[in-house]
Amino acid sequence: MQRREFFKKLGFVAAAAAVVPSVSFAADAAAPKGPNEFSFEEALKAITGSKGATASDKIKLKVPEIAENGAVVPVTVEVDSPMSADDYVKTIHIFATKNNNTRCIAAHLTPANGKAMLATRIKLGTTQDVATIVELSNGTFLTAKQNVKVTIGGCG
Amino acid sequence: MSKVKSLVKIKPKTYKNGDIVKVDFVAMHPMETGMRKDKATNQLVPANYINNVKFIYNDTTITTMNVWESLSTNPAISISMKINGEGSLKVVFSDNTGSVNEKSIKIKPKG
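For the record, the sequence lines run as chains B and U. Here our numbering is used: position 64 in the first sequence is 64, and no number is missing along the way. Here our numbering is used: position 17 in the second sequence is 1017, and no number is missing along the way.
It is worth saying that the hints were derived from the structure and are not from the lab. Bear in mind that the values here come from a model prediction, so they are computed numbers and not experimental data. C-beta atoms are modelled at their ideal positions from N, C-alpha and C, and glycine is treated no differently. Keep in mind that the hints are not guaranteed to be accurate.
Unchecked claim - Some chain B residues near chain U, calculated using beta-carbon distances under 10 Å:
(1) 39
(2) 60
(3) 93
(4) 95
Let's have the full structure, built from the sequences with the hints guiding it.
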């Protein structure tokens, strides 16, 4: 009998121990997520469809390797393109792959731009890759990305 | 419908017809993501960010942009533009609260 009692108690303690961490896990899962949760892979799929994008050295992605202030990170994308009526860059997308909303900007260009260039400043929450997807007028997609080390996060 | 200050500049300052110039656009906008907490009240600051920018040169839309909240406070956007005659360059931008602002400058090529 004593042995049985002991196991009962042991089982109770184990159950209590099991309950406590599961409660804390639940609290973690309930932590607020961004309203626009949208990963880079999802964005890539939504933009390129089944085609996918090929890495290309035609794209010059200029981002600092180490950003001391994540609130202001300058990004410049230049694409080597003649920008003529039948061969031009249609769209330049810029993504911050680990931000809550990965999408930063999508610029729809026309041949009237003369040169495929887009420069802006973005916020980065943590150390992450900054990526760009470029859509050409012939329907192909190019991509480039670069890692940026962020010393102080720029969100919140 | 709040008024947002903005600035449009052409670089270099003097240009000729056919030149490819850089257009700098800066808006004085808070670009709130909607996820930041106000430290004094401990309440979330509602999202307020520019979501659309259009560059219109002599009634032709040369560039449209979709913008999300990851852009920095007081966002600066630069693009290229081919000068093609005298006229005006108008930048129209709207944010997610529904306010629409615009800024136009004159284009005067020399020579």
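Hints and how they fare:
no.	hint	result
1	39	violated, 14 Å
2	60	violated, 13 Å
3	93	holds, 9 Å
4	95	holds, 9 Å
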